[in-house]
Amino acid sequence: MENEKGGAASVKRPLIGMTLAELEGVAEEAGLRRFAAKQIARRLYVGRVKDIDEITELPKSARQWISEHYTVGLTAPKLASRSTDGTVKYLFATRTPETDYLTHGEGGRDIEAVYIPDKDRATLCVSSQAGCRMGCRFCMTGMQGYHGDLSSAGILNQILSIPESDKLTNIVFMGMGEPMDNVNEVLKAVEVLTAPWGLAWSPKRITVSSIGKMDGLRRLLAETKVHVAISVHSPFPSEREGLMPVERAYPARKVMDLLKGCDFAHQRRLSAEYIMWKGVNDDMRHADALARLLKGTDCRVNLIRFHAIPGFDGEPSGQATMERFRDRLNSLGVTATIRASRGEDIEAACGMLSGEKGE
1 MENEKGGAAS
11 VKRPLIGMTL
21 AELEGVAEEA
31 GLRRFAAKQI
41 ARRLYVGRVK
51 DIDEITELPK
61 SARQWISEHY
71 TVGLTAPKLA
81 SRSTDGTVKY
91 LFATRTPETD
101 YLTHGEGGRD
111 IEAVYIPDKD
121 RATLCVSSQA
131 GCRMGCRFCM
141 TGMQGYHGDL
151 SSAGILNQIL
161 SIPESDKLTN
171 IVFMGMGEPM
181 DNVNEVLKAV
191 EVLTAPWGLA
201 WSPKRITVSS
211 IGKMDGLRRL
221 LAETKVHVAI
231 SVHSPFPSER
241 EGLMPVERAY
251 PARKVMDLLK
261 GCDFAHQRRL
271 SAEYIMWKGV
281 NDDMRHADAL
291 ARLLKGTDCR
301 VNLIRFHAIP
311 GFDGEPSGQA
321 TMERFRDRLN
331 SLGVTATIRA
341 SRGEDIEAAC
351 GMLSGEKGE
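Under our numbering, the sequence shown has 125 at position 125, and the numbering climbs by one with no breaks.
Rather than coming from a laboratory, the hints here were simulated on the basis of the structure. It cannot be assumed that every hint is accurate.
What the hints assert, rightly or not - Once the Cα atoms are required to be at most 27 Å apart in a straight line, the calculated DSS-like pairs of lysine-lysine come out as: (1) K50 with K38; (2) K295 with K204; (3) K188 with K167; (4) K204 with K278; (5) K167 with K213; (6) K278 with K260; (7) K254 with K295; (8) K12 with K60; (9) K213 with K188; (10) K260 with K295; (11) K225 with K295; (12) K119 with K225; (13) K225 with K260; (14) K50 with K167; (15) K260 with K204; (16) K12 with K38; (17) K204 with K119; (18) K78 with K12; (19) K60 with K38; (20) K278 with K38; (21) K213 with K225.
Can you make the complete structure from the sequences, with help from the hints?
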């Protein structure tokens with residue numbers, strides 16, 4: 001990366017997104033005792049400092065040394081688009097002259113996060129990658145291809161830098177990218193969100209969505225207690241493969257077999273995401289097959305209205321059809337609800353996030 005004059009930019013590693021062990025390393029580098037890491041963490045994640053010099057618990061000489069090598073790493077969104085329903089879509093740079101939020105990839109795209117207020121809930125839908133390599137045919141993020149993995153700093157910056165940050169009640173990893181394709185950084189971000197030295201959130205306030213990439217999913221299940229959402233969209237393998245090429249590598253049946261061994265009733269919630277298309281996956285045959293697929297998993301179903309995007313020929317199912325589908329699942333013992341659509345007028349609804357080309 002270069003600065004405006006063509007010389008090499010001074011890019012410092014962000015402190016946000018670091019685990020306590022990593023912050024202990026920073027403290028030692030600065031000539032401090034390891035316990036200073038908790039002081040740094042508290043000021044980063046509770047105090048929300050924007051400058052290292054604000055961490056006044058540390059000696060001035062240590063603050064100066066840390067400032068020469070690191071940055072807090074908070075970057076405000078470039079743009080906010082506001083929906084008539086109160087939803088706000090925020091656009092973030094993945095690279096700035098001071099900070100690089102990518103661990104892999106060439107960049108070239110910004111990323112988006114969506115703030116969704118709803119009565120006593122305030123949810124932020126965060127991105128884990130710039131673009132996506134899963135190739136789902138109905139998703140604008142997938143259509144743009146893969147441009148890079150976000151670091152834990154890039155993930156947490158979305159949460160800490162929006163104006164509504166202190167109002168948030170829930171985080172969903174349902175933005176751009178496949179979280180399990182960037183599992184190391186997603187797990188780091190979850191650790192910061194839930195650890196007592198971090199934001200100390202209950203894991204029940206966090207949901208991670210996945211197409212079912214099983215290696216990452218196993219780690220998520222073993223190392224966290226967050227809620228899990230699996231994108232299904234058709235219970236029939238050939239049909240799902242036509243919508244989601246990853247069915248070949250990660251068949252829904254194998255994903256559900258993996259999930260059957262987990263105790264979701266008490267520790268976490270499992271849900272299946274099911275976008276509905278007219279005449280494609282919305283008849284009673286699909287409802288019955290979906291119930292069979294989910295049997296033994298204690299899984300609820302979120303039915304989602306399709307939001308039209310360029311390049312995909314499909315129509316949304318009608319409300320009456322969605323209600324009949326929901327009622328059929330409920331009659332078969334599967335809890336199903338129809339998710340309210342939010343932010344469609346600003347392209348913030350499910351499957352519509354794309355970012356824009358960076359500078």
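These are the hints, each one checked on the structure:
This hinted pair checks out: K50 and K38 have alpha carbons roughly 17 Å apart, not beyond 27 Å. For the hint pairing K295 with K204, the CA-to-CA distance comes to about 23 Å; that is within 27 Å, so the pair holds. Using a Cα cut-off of 27 Å, the hinted pair K188 and K167 holds, with the two alpha carbons roughly 22 Å apart. The hinted pair formed by K204 and K278 fails the criterion: a straight-line CA distance of about 34 Å is larger than 27 Å.
Among the hinted pairs, K167 with K213 is inconsistent with the structure: their alpha-carbon atoms are about 32 Å apart, more than 27 Å. For the hint linking K278 to K260, the alpha-carbon distance of about 30 Å lies beyond 27 Å, and the restraint is violated. Annotation: proposed proximity of K254 to K295 holds, straight-line Cα distance about 13 Å (limit 27 Å). Straight-line distance between C-alpha atoms of K12 and K60 comes to about 19 Å, which keeps the hinted pair within the 27 Å bound.
The suggested pairing of K213 with K188 holds, with an alpha-carbon distance near 18 Å, which does not exceed 27 Å. For the hint linking K260 to K295, the alpha-carbon distance of about 9 Å falls within 27 Å, and the restraint holds. Only pairs whose Cα atoms come within 27 Å are accepted, and K225 paired with K295 is accepted, the gap being roughly 22 Å. Restraint check for K119 and K225: satisfied, since their Cα atoms lie roughly 26 Å apart, inside the 27 Å limit.
As the CA atoms of K225 and K260 are separated by approximately 15 Å, the hinted pair is consistent with the 27 Å bound. Distance hint between K50 and K167 is fulfilled; the C-alpha atoms sit about 18 Å from each other, no more than 27 Å. The straight-line distance between the Cα atoms of K260 and K204 is roughly 19 Å, inside the 27 Å bound, and the hint therefore holds. Only pairs whose Cα atoms come within 27 Å are accepted, and K12 paired with K38 is accepted, the gap being roughly 21 Å.
Between K204 and K119, the direct Cα distance comes to roughly 18 Å. Compliance with the 27 Å bound is thereby established for this hinted pair. Restraint check for K78 and K12: satisfied, since their Cα atoms lie roughly 20 Å apart, inside the 27 Å limit. Among the hinted pairs, K60 with K38 is consistent with the structure: their alpha-carbon atoms are about 17 Å apart, no more than 27 Å. Under the criterion of a C-alpha separation no larger than 27 Å, the hint pairing K278 with K38 is inconsistent with the structure, at around 54 Å.
Restraint check for K213 and K225: the C-alpha separation of about 18 Å stays at or below 27 Å, so the hint holds.
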